[in-house]
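Chemist: Single-letter residue listing:
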Amino acid sequence: AQSVTQLGSHVSVSEGALVLLRCNYSSSVPPYLFWYVQYPNQGLQLLLKYTSAATLVKGINGFEAEFKKSETSFHLTKPSAHMSDAAEYFCAVSNFLAGGTSYGKLTFGQGTILTVHP
Amino acid sequence: DVKVTQSSRYLVKRTGEKVFLECVQDMDHENMFWYRQDPGLGLRLIYFSYDVKMKEKGDIPEGYSVSREKKERFSLILESASTNQTSMYLCASSLGGQAYGYTFGSGTRLTVV
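Line by line, the protein sequences are chains A and B. Here the first sequence is numbered in this note's numbering, starting from 24 and rising by one per residue. Here the second sequence is numbered in this note's numbering, starting from 61 and rising by one per residue.
Hints listed in this document are in silico derivations from the structure and should not be mistaken for laboratory results. Note that this is a predicted model, so its numbers are computed, not measured. Some hints could be false.
With the Cβ distance kept under 7 angstroms, some of the chain A side facing chain B (calculated, not the full set) [claimed, not checked]:
#1 S51
#2 Y62
#3 G66
#4 L67
#5 L69
#6 K72
Derived BS3-like pairs: lysine-lysine, alpha-carbon spacing no greater than 25 angstroms straight-line [unchecked claim]:
#7 A:K72 to B:K63
#8 B:K130 to B:K63
#9 B:K130 to B:K78
#10 B:K113 to B:K131
#11 B:K63 to A:K81
#12 B:K115 to B:K63
Even glycine gets a Cβ: it sits at the ideal position worked out from N, Cα and C.
Full structure from sequences and hints, please.
Modeler: Okay, structure coming up:
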């Protein structure tokens, strides 16, 4: 079964500083990986996804993530944090079931709350 | 853009009540999902449906049931609400296949008193 682990339930950065949110995955097959963002009292919004086309994936709001197979990682980065980036971020992996059926089901990490200080 | 609409943003119900949470999507997606979200526990799958009248249990189905009579609508039912079902409930839909990911609704914050 596929799984993801997000290292650090809370990350705090200063405005303008680098944002790095860590995600490691476990999968016996080539994974499809996703990052979602959730602002307070809202649903989740897709930031970016890796579907094996390119290892460096660019998403919305200046975020990007790099797929590293050797490290089983898919860390999310942004060069310069903005106050509006304060939110909870979720890494997810697409499930792959025996026989090829997946139904597009995702397994999510525990989430990382990003705080941005002025 | 695909839109997933959850009928209520906030609900307060009493212990023992039967509660219906409704979710509607407008892009003909095959698959629909119900998750609950609790602090420190992330998102946990309750049930999902891959076709009309078809459903599969997720990781935490106890105390819940679902209904999908039409492709666009997926309902979560709390048969007899309890205080430990106080949570944020998120509905999502997906075109299917591994590469698409989900489109989420805005969530329903349910409080059971």
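Chemist: A separate judgement is required for each hint: does it hold in the structure or not?
Modeler: Hint by hint, here is what the structure shows:
1. S51: violated (14 angstroms)
2. Y62: Where the cut-off is 7 angstroms and the nearest Cβ of chain B is about 10 angstroms from A:Y62, the hint is violated.
3. G66: A:G66 check passes; min Cβ-Cβ to chain B is 4 angstroms, inside 7 angstroms.
4. L67: holds (4 angstroms)
5. L69: holds (6 angstroms)
6. K72: Holds, about 6 angstroms.
7. A:K72 to B:K63: Given pair A:K72, B:K63 holds - Cα atoms ~19 angstroms apart, limit 25 angstroms.
8. B:K130 to B:K63: Holds - the C-alpha atoms of B:K63 and B:K130 are around 16 angstroms apart, at most 25 angstroms.
9. B:K130 to B:K78: holds (21 angstroms)
10. B:K113 to B:K131: Holds - the C-alpha atoms of B:K131 and B:K113 are around 9 angstroms apart, at most 25 angstroms.
11. B:K63 to A:K81: holds (23 angstroms)
12. B:K115 to B:K63: holds (21 angstroms)
Figure legend: structure checked against the earlier numbered hints; hints not met, in rising order: 1 and 2.
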